[in-house]
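All chains, full assembly: derive it from the sequences and hints.
Each protein sequence line maps, in turn, to chains F and X.
In terms of my numbering, the first sequence has 666 at position 654, counting the first letter as 1, and numbering is strictly consecutive.
In terms of my numbering, the second sequence has 167 at position 157, counting the first letter as 1, and numbering is strictly consecutive.
Among these hints, one or two may not hold up.
[Unchecked claim] Here are some of the chain F residues that sit facing chain X, going by a computed Cβ distance under 8 Å:
1) P457
2) F711
3) A885
4) T889
Rather than coming from a laboratory, the hints here were simulated on the basis of the structure.
Idealized CB from N, CA, C, for every residue including glycine.
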Amino acid sequence: MKKEIQTSNYSLPVTKVKFQYLFIVLTFCTLSFVHSAFGNDHLKQKVIINLSNGILETSIKGKVKDENGQAMPGVSISIKGTNLGTQTDITGSFSLNLQNGQNELIFSFVGYETQQFRVGNQTLIEVSLKPDVKSLDEVIVVGYGSQKKLTMTGAVTQLKGADLVRRPVSNLQQALQGQAPGLTVLDRGGEPGRSSATLRVRGITTFSGNSSDNSSPLIIVDGVEQTLFNLNPEDVENISILKDASSTAIYGSRAANGVVLVTTKRGKSGKIQVSYNGYYASQQSVNSPENMGLEDYMRYQQLASKNSGIAIPARYTDESISTWVSSSDRDKYPLPNTWFQTVLKPAPQQSHNFSISGGNDLSKTRVSLRYLDQDGIAANYGAKIREVRINNDLSLNKKIVFSTDINYRFNQSYRPFSTDVFNRFFHGTLFAAPKYADGTYGLSPQGFNPLMIAEKSGSNNAETHYLFGNIKLSYQILENLKFTGQVSGVMNYIETKAFQNAFTNYDAVNARTYSVANNTLTESRDRTTEITTNYLLNYSKSFKKHEILGLLGFSEIFSTASTLNAYRERFYNNSIQSISQGANDATKNNGGGEYKFGLRSTFARLNYAYDNKYLFEVNGRYDGSSRFTGDKQYSFFPSFSAAWRLTQENFFEGLPAFNDLKIRGSWGQTGNQTVPLYSYFASLSQGSYVFGGASVPTFSQTSLADPTITWETNTQTDIGLEGQLFNNKLNFSVDYYNKRTSGILLALPLPVVTGFATSTQNAGVVDNKGWEFSMGFRENSHMIKYNINGNLAINTNEVIDLKGAGPFINSSYDLDPRYIVKVGLPFNAHWGYKTNGYFQSASEIASYPTIATGTKPGDVKFVDLNNDGKINADDWTMIGNPFPKYTFGLTSEFSYKNLTLNVLFQGAAEVDTRLSGALSEIGIFEGFTHKLVTNNYWTPENPNARFPLPRKNDQRNVNTSDRLIIDGSYVRIKNLQLLYNIPSLGLKTLGLSTAKVYVSATNLLTFSKLNEWNLDPEADSGRGTYYPQTSIYTVGLSLNF
Amino acid sequence: MKNIIKNTFIILGISSLAITSCKEDILTTIPNDRVSTEVYWRSDLDAKYAVNAIYSALDGTNLFVLDGITDIGHTNTVFTVEYNIENGTYDASHSRIQSEWQNLYRGIFLANYLLENVDLVKTASNTAIIDQYKSEARSLRAYFYMKLVALYGDIPLITKNLSPADGLKIARTKASDIWSFVDKELTESSSLLPLTYSGAEKGRITKGSALALKARAALWSGNYATAATTAKSVMDLNVYGLIPEYGKLFTYANENSKEVILDKQFLAGSATHNAFAFMGPYSQKTSSSSFVPSKALADAYPMKNGKDITDPTSGFDPKSPYNNRDPRMKFTMYVDGDLLPSGVLFKPIPGGGGADEIGKTQYNTTTGYSLKKYVSSEDYGNPGASGLNIILLRYAEVLLTYAEAKIELNQIDQSVYDAINLVRTRSDVGLPPLNAGLSQSELREAVRKERNIELAFEGLRLFDIRRWKIAEKLMVGKVYGITYPTGTSFTTVELPSVVRTFDASKHYLWPIPQKEKLLNPNLAQNPGW
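Spelled out as structure tokens, the structure:
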């Protein structure tokens, strides 16, 4: 007897789109074609399953649930070894008859792990399916294509967009922090609307500095070079970080610093999805350093004057101190420094993202809208972003897909005219009342007040219009051959307007005046346009155990830029801010420039896999750049890689714990073409001189031109091991790399008797070597699921050759950080004196060289490293490394029922920070003095104090030395998010399919030696004059309709 | 098949859009923001513009810095790098030691660049003007060499532009040979230069400029006979003379006056300097008093009757120390009670109130004096952008050079007295003439003092105290400022934590810059460094 089971035709529940929501969104963008992209094609599925009847039959019933305990309809159930099976109904239930010997069921559902189940003697079974987070078929985006993770031979880390939006980052660079081994993100404060984070892939490879973009990875968004900063994190589908030469060489001359590939979200076939993600956040300064207490500070200053043999200033006499301390009139007798407490305030930040996506076989669309509004924690700072992105895919026929994408972003950022605000928190603003009751500001003896600067100095506004347009066409010419053509344009247009107010502030209490006589306006317009054309031919062929993939490509980039700026002054008043209203006389000024740059490339890739076991890949790119001339114009960048999947070998079958284990290795070369434009042209600069009261032109050669200038070349070897274990619950990867950058453009110093100080040549060599580890574990049981992913990178950097030149010391000024580029040391190592405590007695001073005459007990004992009896520049040595050796991150997610907790730890170790300015001078000049110094400075009674003898106007103890280097290692809870998934009951009536609310906190807790200084460990060495790092507390809502 | 044709058609259609944009060769991008050397040296104008560029390397406000680190000045803030030079606590890595060297050799490069290329544009018809340009270049180059040799002693002598490779091995030439070279260059070029220029060419090197520079070089190098005869030849040109009012020398009205022999020219609105903001008192739009006169300069001004203030019969009254003094004092520096360009009075006395009080801000004068020369009330409206020409060599110096050389030669005659007295008796200075019959050493003392106060803060003092070998006496110990009444007694401002040291065995020359020496092992170092 045959039994026929026919499950009812059913369709996935189609959510009724609440048209009022859609209407709001649509009118928002008034894009009519969006509508046309949406069909009403319901997913239809009709399954007929035959179950043959035997003599012995067991009837079983069961239920299938998802990870949240919700019933799962439509799950396919098949009986192992047969082609028979059934599906669950709308309540997740099923029933089946098993014949004798049929004991194993296979449950499968798209997006979930396939699960085998041994029935045994049970007749009522319950199965829970786990989402397939990391299936074996995972596809990784690589240069000009994608590859299966299993058969990749390069070192690539891919991140999912969903993992990057857990905290309210206004800037995608910040979102990458702690997520991927080998990607170091230095996040230097949170000024709204300005990029403050730098990205480094596997260390620093070139000499143009820690902060320069020349060491930044190439950022490719949807096949086109763009910037990461400001990209809407909600639009990101995934991000691939290409690290080794095998994965980067396909980008040739631009790939030396690694490549970051971003793919944005696109519409998918299926029901229309409308979603909203938004949050409201409060930003607060992480740190608020406090000055020494009033009396402590005044006594300290008195002592400092005495120690330096200076007459005690009137303010610090005993009499004055007692008046000051006992007074309650803090207008007349202000506290020394309260700026962190009085100028900074919590500031709101909000973000709203709408997206609509959907489509059918013919067309797919995704539209997203973004609004971000971020206030600053000091007056007149802020930023706003408005953005729309439309990604369309149109299938002209079965072979041709035509994609058109548009992204427009309008970014406004504000700051006060003077960027001196944060500098003045520390410097030259002692004993000034922040603001009097009448609205005027107190002025320090130097005439400054940061609150006044923030509130009154004027405005500096930048408005950036960013437009990206892309058309792409793919044509499946033959079954194995596909052509893709892409043309895209990027235009970035920045208008900046810096208006300096004319104003006078009279501090009546101290009879001091600060005034800016003339108001001024500087406007600038900067435009960059870049057209990229890519043509790709992809070939794939499998036969027997062989698999071949081929790629042939051609690419052109042409970029033009122009700048224009204008200046006028003396406007009618501070509100009249149009350039035409400034004085029309000789003070007006304008300037501008034009730049062009072109790159033409052909490239190819060949992959060969034998039996999915032995994998090989060859890449090559031939790049021509307008930055070079003659036979230096073109260069070739090859790479080779191979991998061996041990788990495919027979001998590995005895180790069933391993689902996959792969050893891979690669070697290749990439280039860095970031040479200043036109550097091979010997040219004359125009200037002016005056004769007889009239301006005359001058022409002079200002730099040496070298027509032999060429790319910097990066040669990298990488060996990696990666695998998955225990049913793919555990995954890990280990990489070792050795990267040598040679021909680094170096401004080799010339004897200035030649008329030039430097000559730029391909001269330097730097090595970066390191290890990268990552490991992830996940467990999804019935109610609880969790996953933990950790990563650690170790990088060592060494300057190998400077062609006999150098060492290059960036600054000889003693009071600021001094860096050196020297063979055998890491790039830009801290350079200065070693110290050995304090001199404790006159006899000790007499028997050891001192840095200056008049040294007293309590002064710093600088080490005479070369034993020449003098303390001078010859005694300088490496005292620290500003680039972290270890960087690490740990993300973990725990879910219980509808609650999910997500924590990101992130940190760095073996990194050194050099405090400078007021932070290190501790009261020598007229600056902030940290309360840490209180009663902790050298006196005869306290000879083991932490800080030296107080001195006034005498910098002998604060010359750059190891005393001023602070271990910048840290671990911080970068983000903590608690999310509640509102159960579906009740949502449907609102038209919602899912709704989530969350709270999160960013930069919640930090462990670092810099905490005692109330400084952020991610801050750069120096005077602390940056916009402070913030912690952000957020409430967010995520809705899907 | 139909499909393939259709698809191909679609692709071609779309690709053509892209291809039409690729007209020019994207790899050949010619800059349009600069002039390539390939197209230069085609016309007279190219030569002229290249000569003009050399003038840009002349000293401007730099002169104040040079005087600011001598006995008559003081580096006002401790964080200004020259503070260490003034104190004698500098070494070969000091940025100023490097930058002065670098700027002077940059000027030499510009001159050599012209001299090497200018013949490319020489034709039969423009020989005279090309010769003039060459002579201007050679004279300016001599100016740079004079300063170099006086600051550093033996130095590389470069008369043709060096390749980087040659620059790495060039050795020093003896100072005496440099002086000979300077002398020869100025002698030869003076014969090819015009006496004067008209209108729009004013400010170029003249015959007189070359000769006056030659006289200065001869004096500095101790070649007194040449100094005297050359100075005399400048006097005999009958082109130059003193203007009647010392107090107006450094104003717009007297630019290009007959007293100016060489200057660096500026123009408000286009080529400006910041003398006012750089040197003016703090109350004047928060100017920074970067270098201030010291007590040593103030006390050098005699009474109006010609007597030193230390002379009990001079009539000096410590209660009103600025009255009845040599008028050049108040023309050169702001002293207590002077009217400032803003209309307020200069009040530096501690505790006296007012914006310029000593110690009130770190930019306030620390000595209680502030420079007035070039801090012109005409620039008050725009203190950072003065167009006032800065004089590098003026006729008064030629007179004093003549006198000093004759005195050193012990050829004392009436012409010596005349030269000095011309300077002393200028109509708004009005000091009595020197007494007749002074001995050589008395006259030497007199001419040195005259030179100090006449030319204060004009960039010569550093070279003078070096060649007179008096720096070892003047550049030691504490630095002092104003003296002011406190009750019944007087207090003299003593600058905190400034104790100058001067090692006569080394400090008469600056060291060869460390960077330069590291690059070029053939550069020997000066003694003591």
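Do the hints match the structure? See the list:
1. P457: This interface hint holds because 5 Å falls under the 8 Å limit.
2. F711: holds (4 Å)
3. A885: Hint holds; A885 of chain F Cβ to chain X Cβ min 5 Å, cut 8 Å.
4. T889: violated (16 Å)
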